[in-house]
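K.L.:
Spelled out, the chains give:
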Amino acid sequence: MDNISDVTISRRNLLIAGALSATAVSLPSSAGAQSVPPAPAQTTTPAPTITGVSLRINAEVRTLNVDTRTTLLDALREHLHLTGTKKGCDHGQCGACTVIVDGRRINSCLTLAVMHEGAEVITIEGLGNQDRLHPMQAAFVKHDGYQCGYCTPGQICSAVSVLKEIRDGIPSLVSADLSVAPLLSPAEIRERMSGNICRCGAYSNILEAIIEVAGRQA
Amino acid sequence: MRAFTYQRATSPAEAAAAAVHVPGAKFIAGGTNLLDLMKLEIETPPHLIDVNGLALDKIEETADGGLRIGALVRNTDLAADMRVRRGYAVLSRAILAGASVQLRNKASTAGNLLQRTRCPYFYDTNQPCNKRKPGSGCSAIEGFSRQHAVIGASAFCIATFPSDMAIAMRLLDANVETVTPDGQIRIIPIADFHRLPGNTPHIENALVPGELITGVTLPKPIGGTHVYRKVRDRSSYAFALVSVAAVLHENGSGRVALGGVAHKPWRLEEAEAAMPQGAAAVASRLLAGATPTQENAFKITLAKRTLAAVLAEAKKG
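Those sequence lines, one after another, are chains R and B.
The number in the numbering used here is simply the position in the first sequence, starting from 1, with 583 added.
The number in the numbering used here is simply the position in the second sequence, starting from 1, with 214 added.
Read the hints as simulated data drawn from the structure, not as lab findings.
Mixed in with the good hints, there may be bad ones.
[Claimed, not checked] 25 Å max Cα-Cα, derived PhoX-like pairs, lysine-lysine:
{"no.": "1", "chain 1": "B", "residue 1": "LYS272", "chain 2": "R", "residue 2": "LYS747"}
{"no.": "2", "chain 1": "B", "residue 1": "LYS253", "chain 2": "B", "residue 2": "LYS347"}
{"no.": "3", "chain 1": "B", "residue 1": "LYS253", "chain 2": "R", "residue 2": "LYS670"}
{"no.": "4", "chain 1": "B", "residue 1": "LYS529", "chain 2": "B", "residue 2": "LYS434"}
{"no.": "5", "chain 1": "B", "residue 1": "LYS518", "chain 2": "B", "residue 2": "LYS529"}
{"no.": "6", "chain 1": "B", "residue 1": "LYS240", "chain 2": "B", "residue 2": "LYS272"}
Could you put together the complete structure from these sequences and hints?
P.N.:
So this is what it looks like as structure tokens:
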């Protein structure tokens, strides 16, 4: 047990030393490394790099200094404390991290913050709030489109996007005729929502919520 | 994730030259596959070259009536383009059969061609894998191999290539356009782009280090009825057990390619000569010499039956 925590501390010291050597330019790059054991594998791994990035998040320009490794998801949650967006699998398989970037929903866990200089990001906090719910949020509440609620912000960002994608004529796997605009149907909505997993299994209620909002928009 | 330095490229030639400057550097476009692998430290590039600023996001008509698809065209945009939907419907269908909308909104055309396998042993860094660590062995051959290749595999690797898009591009005789680090433009027929594993499964395609894909061209539309059918463990958002891409003409001739069965899109032009004789004749030529494992032998039957179903569907029009 002691050995394990020793390794953890060494790793942490190594990272801190690496960060110092990257920022303190007057320090020779080897100086930071002398006090810590050599890196285990890949000697080519550079020290952590901090980069500035500006994004428009929920209509507000936010400028951040982030480690290049920071995903858009971690920038939102850890740097900006917009914790409505959830981290589920962190590998693009569950959809809990879905946000809308430049008008399109993406998995914020599978993209780097530094890749989005100047981008327009809308998170669940930007869609609505407790005093002024987005119609999709209100419909999820009305139809009980969740149980634990963890996947819900991603489900709602996707649901809002699904209706826009159908309005924009973007086809899906279940669109029968590719030469015409897709129809709004339960099958279309189900297929387009397949990137959002709900472990509680609230799918049928989520579908009802989306259909209700779609009907109001049609 | 290992630390890396980061730059935004301003031209394809500059990007390619920069990639050989730092050994192990990688291009990043959508990042949906690369970042997944970097989090697991399966990919550990010390330097990332962001190519998203390159103006490679257009779909344009070519002089010979085909299409040129920029490397950065997102999967969603390619599948939704009306010229693709009308002239190359099998490509739209194949793209829409893959991943989720969130991923297709980000994933690029070039990145899709460069997808790494989803073999669970490639993903598990505690297990030997010749693709991840050359010479370490293949855990899949004696392991759980239900998802794996049944044809064109080797004693070193039985992984499959996971793309749906590339199966349709192989069917349509696409060409991959690249720029090499010394600034040369190369055109690689898609049939020669992906490699079989042989004894070097870590080398997956014909690109040289630093070579950047700039686009994919499609010859002019060939007409016919286009079908893409993907068979998988759930009806959406899963990789193929078997997929079939087909174009069938009224005179009974046509083309067929298989996904989910090999280390590359599986198409044999000589098998297509048997199209007028029917699906069974095509399938037996296409799958001749297959070497399935006990766990994935079902894919042979599945491929034959899916091919028969696809050709029957295409015949109805």
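K.L.:
It remains to establish, for every hint, whether it holds in the given structure.
P.N.:
To see whether the hints hold, each was checked on the structure:
The suggested pairing of LYS272/B with LYS747/R holds, with an alpha-carbon distance near 22 Å, which does not exceed 25 Å. Annotation: proposed proximity of LYS253/B to LYS347/B holds, straight-line Cα distance about 17 Å (limit 25 Å). This hinted pair checks out: LYS253/B and LYS670/R have alpha carbons roughly 14 Å apart, not beyond 25 Å. For the proposed pair LYS529/B and LYS434/B, the alpha carbon gap of about 22 Å is at most 25 Å, so the pair holds.
Only pairs whose Cα atoms come within 25 Å are accepted, and LYS518/B paired with LYS529/B is accepted, the gap being roughly 17 Å. Restraint check: the Cα-Cα separation between LYS240/B and LYS272/B comes to about 23 Å, which is no more than 25 Å; the hinted pair holds.
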